[in-house]
Amino acid sequence: MAERAARWLIVAALLALPWLLPMILPPHQAQFWTANVFGRAIVFGIIALSLTFLATYGGFISLAQMMIAGTAGYTVAIFVDGAVPAIVGGLSYAAAVPLGLAAATLMGLLVGAIAVRTRDIYLLMITLALAMGVFRFVETNIAWFNGYEGIRNVVGPRLFGYDFRNAYVFYYAALAVAGLLYGGVLYLVRTPFGLVLQGIRDNARRVAALGYSVALHRILAFGVAGFIAGAGGVLATIYNIGISPGSIGLGATVNILIMSVIGGLGHPIGAFIGALIFVVFDTFAADLYDRDRFNTLIGLVFLAIVLVSPDGMVGVGARLRRLLGVRHAAA
Amino acid sequence: MGLAAIVVLNGLTLAALYFIVASGFSLIFGLMRVVNMAHGSLYLVAGYVGYRVFEPLYDADVWWAWYAGLAAGIAFAAVIGALLQALLLSWMQGQELRQALVTIGVSIIVADQVLAVFGGTPRQFFAPDAIFGSTQVPLVGGYPTFRLVQIAVALGVGIGLWLLLNRTRLGMMIRAGVDDREMLGACGVNVPVVGVAVFALGAALCGLGGVIGSTAQPLALGQDGRFLLISLVVVIVGGMGSVTGTAVGAVLVGLAEQIGQALFPTYSVILTFVIMATVLALRPQGILGRG
Chain A
1 MAERAARWLI VAALLALPWL LPMILPPHQA QFWTANVFGR AIVFGIIALS LTFLATYGGF
61 ISLAQMMIAG TAGYTVAIFV DGAVPAIVGG LSYAAAVPLG LAAATLMGLL VGAIAVRTRD
121 IYLLMITLAL AMGVFRFVET NIAWFNGYEG IRNVVGPRLF GYDFRNAYVF YYAALAVAGL
181 LYGGVLYLVR TPFGLVLQGI RDNARRVAAL GYSVALHRIL AFGVAGFIAG AGGVLATIYN
241 IGISPGSIGL GATVNILIMS VIGGLGHPIG AFIGALIFVV FDTFAADLYD RDRFNTLIGL
301 VFLAIVLVSP DGMVGVGARL RRLLGVRHAA A
Chain B
332 MGLAAIVVLN GLTLAALYFI VASGFSLIFG LMRVVNMAHG SLYLVAGYVG YRVFEPLYDA
392 DVWWAWYAGL AAGIAFAAVI GALLQALLLS WMQGQELRQA LVTIGVSIIV ADQVLAVFGG
452 TPRQFFAPDA IFGSTQVPLV GGYPTFRLVQ IAVALGVGIG LWLLLNRTRL GMMIRAGVDD
512 REMLGACGVN VPVVGVAVFA LGAALCGLGG VIGSTAQPLA LGQDGRFLLI SLVVVIVGGM
572 GSVTGTAVGA VLVGLAEQIG QALFPTYSVI LTFVIMATVL ALRPQGILGR G
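Protein sequences appear in the order of chains A and B. At position 249 of the first sequence the residue is numbered 249 (the numbering used here), and the sequence of numbers has no breaks. At position 211 of the second sequence the residue is numbered 542 (the numbering used here), and the sequence of numbers has no breaks.
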């Protein structure tokens, strides 16, 4: 009961955030927090959600998710009108965004199909190799991806007459997408498909013996994760007003993993918790240690989490609650 | 004909470098079951530390400057590898995914500290006079001597590793440890020390590759990601943990890269990944991997 109330409180807080922030912060800072901290955390969180979804319910740690997000971002940037340089162009956002999501889903299915016979660290290695391969291809190909420079000026659509570049419009759009996908994941894992997926995670042989196709379910799970990552990739591209190879490179790929692991791979909410922690560190590293040494700082945090609490902040929370619960019972 | 020969020779020299770097990765993976995601960072660190030693000696015009840089790079990488195993990885033996995550954490920190300590400037070693200049090769003509040395070093590494694993007492212990760690310990072997030795050796090979590679082509940030990727692909294609498999994988990837660049420059990367996907579809354990 208390948990349910807490959940609604968090939803209410997230919805009211753009009004709450100006009460405690000066106006320009409130806007900065809305878009550049919370908005960005939600977008990263969506991409991390695709990894956490696969890890939690499938048991696969895929390092290809940032690349898949980039596939959607690049597709939108290539086809949408107004992007610089115009590669294909001519499409409105209403057409380009679904195209990007479809491309990301396809890429997810493809990654799933290539990695279908591997597990654990082999899967980790193969998905990383695929991600780095696409990155190197995109970086060296001028004709389709404008090489090292990438594609700029993907400003985003106008939503109900509001400009997407408005911090609040962006925040609510990202929040709505994140909410839908998060709810979708929680729903999906209760469907027969989700149950079979969790069965495969726990014991693939038994599920196969029951007559389910293990390979098909695995590939489909990667397709679902591809769609989620694609949604995050489209938002990230619009947030950055464009996309360049750097945003799908090794650093970016590892960053998504860091967020998922810091948040915790045991529950989808971990993706968003991890993303928020990551973004807050990213934004305030300058005050903590040294702006340029952000990677050392986040690397140490990541290492500490892996060493001390492999189930991330979600695990820390669960352990604290258990600890408090025990005390309650004792009293 | 001449052009084709040059492309093939280029592919083989590149394959030699890939083999040196990937053999360390494969060794650690095959014997310790650890995916060392910090392997690329070791390449970077070895190159920069080696260069720090090499530069003043080279300016002083000492003939052994390059060799000193080489030794420093190898030693430094070996120490880091040994520390990684001794301090972080040894107490989570068997938790493969967690170990991979730890090495990712280490690679982030190491790459960032390299940037902090050595700056982002690209560096390149100058090979000593003895292995500098060009050599006449049949069909090809004049060819950089150092690249031929690269092939010789790779052959030396391959044969040395094979002899070490199959003909020495340490090799016997390592192979026994792969099959049954507990029994090896019961026989009176200090298993953790063997683990540290394997890690140091694998890292040292990466360090060797780091200095050799930074003599053939510039050393810069981003090379860590490149050589991690190469190591992954070579080991996935060739077969996990097999020295011969690593050699086969390195030759395939090196040749594919050079031939691809000669035939369709901006799409050459795809060829490497088509090879990888094909191998995975037909033989998930790699061409020479043990199923």
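Check each hint, because a few of them may be wrong.
[Said to hold, decoys possible] Across the chosen pairs, the derived CB separations fall in these ranges:
(1) A/LEU300 with B/PRO387: 48 to 58 Å
(2) A/ARG152 with B/LEU501: 49 to 59 Å
(3) B/THR452 with A/ILE87: 48 to 58 Å
(4) A/PRO98 with B/ASP510: 49 to 59 Å
(5) B/ASP510 with A/TYR148: 25 to 35 Å
(6) B/GLY425 with A/ALA208: 19 to 29 Å
(7) B/ARG506 with A/ARG319: 38 to 48 Å
(8) A/LEU300 with B/ALA399: 58 to 68 Å
(9) A/VAL88 with B/GLU386: 47 to 57 Å
(10) A/ILE24 with B/GLY425: 46 to 56 Å
(11) B/SER421 with A/TYR148: 36 to 46 Å
(12) B/GLU386 with A/ASP292: 51 to 61 Å
[Unchecked claim] Not the full set, but computed from the structure, chain B residues with beta-carbon under 7 Å of chain A:
(13) VAL366
(14) VAL600
(15) LEU602
(16) LEU613
(17) PRO615
[Unchecked claim] Covered by chain B, according to a simulated footprint, are these stretches of chain A (three or more residues, beta-carbon under 8 Å):
(18) 51-58
(19) 126-140
(20) 302-312
I should point out that these hints are in silico values taken from the structure, not numbers from a laboratory. No residue lacks a Cβ here, since even glycine has one placed at the ideal position from N, Cα and C.
Self-check item: Hints not upheld, ascending by number
Solution: 1, 3, 5, 8, 12, 15, 16 and 18
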